[in-house]
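Chains as they are written, first to last, in our numbering: chain R, 1025 to 1193; chain W, 1191 to 1378.
It is worth saying that the hints were derived from the structure and are not from the lab.
Note that the structure is a prediction, hence the values are computed from the model and not measured.
For every residue, glycine included, the Cβ atom is placed at its ideal position computed from N, Cα and C.
Misleading hints may appear alongside valid ones.
[What the hints assert, rightly or not] Short derived list, chain W residues pointing at chain R, Cβ under 8 Å:
{"no.": "1", "residue": "ARG1194"}
{"no.": "2", "residue": "ASP1206"}
{"no.": "3", "residue": "LYS1221"}
{"no.": "4", "residue": "ARG1226"}
{"no.": "5", "residue": "GLY1228"}
{"no.": "6", "residue": "GLN1229"}
{"no.": "7", "residue": "HIS1230"}
{"no.": "8", "residue": "PHE1234"}
{"no.": "9", "residue": "LEU1238"}
{"no.": "10", "residue": "GLY1250"}
{"no.": "11", "residue": "GLY1311"}
[Said to hold, decoys possible] Calculated Cβ distances over 10 Å to all of chain W for the following chain R residues:
{"no.": "12", "residue": "GLN1038"}
{"no.": "13", "residue": "ALA1051"}
{"no.": "14", "residue": "ASP1056"}
{"no.": "15", "residue": "GLY1060"}
{"no.": "16", "residue": "GLY1081"}
{"no.": "17", "residue": "PHE1083"}
{"no.": "18", "residue": "GLU1089"}
{"no.": "19", "residue": "LEU1112"}
{"no.": "20", "residue": "ARG1133"}
{"no.": "21", "residue": "LEU1145"}
{"no.": "22", "residue": "PRO1149"}
{"no.": "23", "residue": "SER1161"}
{"no.": "24", "residue": "ASN1192"}
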Amino acid sequence: MNNENKYIPDPDGQESVTNAVMEIANAYPGLDKRIGERFRFCETEPEDGLSLMVASGSFIYDHHESITGHVWELCLYPLVVIYRASGLNEKRKMEVKEWIDNFAKWLTRQPVTLKGNRYQLKEWPKLTDNRVIRDVSRTSATYLSTIDDGKSEVWITNLQIQYRNEFNR
Amino acid sequence: MIPRKYLVHYIKVPEDPKEAFEESNGTVYNKYVWVRIGQHLEAFAEELNPQTNIVQNIWGYQSVVHNGYQVQSAVDTFYATSDTTDNDYYLYKYVEYLALHRSTGDNCKTERVEALINIDGIENASNSDPVPVDWAWKEDCYVTPQSLGGDTSGFQIPFQISNLGNRREVEISKNQQGQILVTEIDND
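Construct the complete structure from the given sequences, taking the supplied hints into account.
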């Protein structure tokens, strides 16, 4: 693939992956269902909340075409996991960091242990059309990104979703 | 420039290799399908491998001895699939059978077709009419699996096709189900 075509956006794929990942993220066994804890897309409450934020939008980074006109594209979709919380002491900060780390491990299909139970995501969610998630990986450690005026802290980690799209020309 | 997908390559394989090679019970097995090669190949060619020997004779001229061609093709990316609707399914079952049984001889012998179509995509040809082609040729060949495995992109069985040289012109068409049919042209 030549360089000038390297960062073609894939809006259809972004929509498909967003829907699928939001659904699977809200099935994470570490969410506290009793208090209605859930991920929201690109927003949180001012004081606290969980969110998945689009970093740059999904794009095609590799493109191949077979001799039969069969096309397969490898696409990347960077996402940011956000955990906003207020009034954290040192112990709670450590717990928030561990919570995000566990979530990222789970979404990358590594085993995690939550309250003594072992969980492992068996497969990534299905996408629409002929798109398939090939890999979810971390592109950063978990870190404190910002502290707002109201003293709410934004902890984040960066994820990258790799998916494949196939079609015939 | 003619788009690459206008040059199509087919290979004939049994629908069920086990039945074809082990359970025929004396009857002639006739359930074959033509599978298009190249779903995951970005490049594929019939390598002609001309066998020539050029010598400088005592008159100061070149003398060329041409012993013909040793035609071969390498399908170096071929993914196994369990999806019976996938284009490559029957070819995969055939190549897998050959690899697992370490087959030699007639089980590896089949036929291939190369055709230059002149419509935009063979899938657009109408069923039951001849596919419009500039030319189409059939030839016997041997299929030899090269390895079992591959990288993490998927289970692969790359294979090689070695031609036998008995070329004849053919006509290709599609039946009502869209399957490819190959008919030899009677030039007499």
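Tested hints:
1. ARG1194: 5 Å, holds
2. ASP1206: 25 Å, violated
3. LYS1221: At about 24 Å, which exceeds the 8 Å cut-off, the nearest Cβ of chain R leaves the hint on LYS1221 of chain W violated.
4. ARG1226: Constraint on ARG1226 of chain W satisfied, holds at 6 Å.
5. GLY1228: 4 Å, holds
6. GLN1229: GLN1229 of chain W check passes; min Cβ-Cβ to chain R is 5 Å, inside 8 Å.
7. HIS1230: 6 Å, holds
8. PHE1234: 5 Å, holds
9. LEU1238: 18 Å, violated
10. GLY1250: 45 Å, violated
11. GLY1311: 7 Å, holds
12. GLN1038: GLN1038 of chain R is indeed farther than 10 Å from all Cβ atoms of chain W, at 23 Å.
13. ALA1051: Check passes; 26 Å lies beyond 10 Å.
14. ASP1056: 36 Å, holds
15. GLY1060: 39 Å, holds
16. GLY1081: The assertion about GLY1081 of chain R holds, with a minimum of 25 Å to chain W.
17. PHE1083: 20 Å, holds
18. GLU1089: About 7 Å separates GLU1089 of chain R from the closest Cβ of chain W, which leaves it inside 10 Å; violated.
19. LEU1112: Holds: least Cβ distance 40 Å, greater than 10 Å.
20. ARG1133: 14 Å, holds
21. LEU1145: The assertion about LEU1145 of chain R holds, with a minimum of 18 Å to chain W.
22. PRO1149: PRO1149 of chain R clear of chain W: closest Cβ-Cβ about 19 Å, beyond 10 Å.
23. SER1161: Check passes; 13 Å lies beyond 10 Å.
24. ASN1192: Given that some Cβ of chain W is not farther than 10 Å from that of ASN1192 of chain R, nearest at about 8 Å, it is violated.
Of the numbered hints listed earlier, those contradicted by the structure are 2, 3, 9, 10, 18 and 24.
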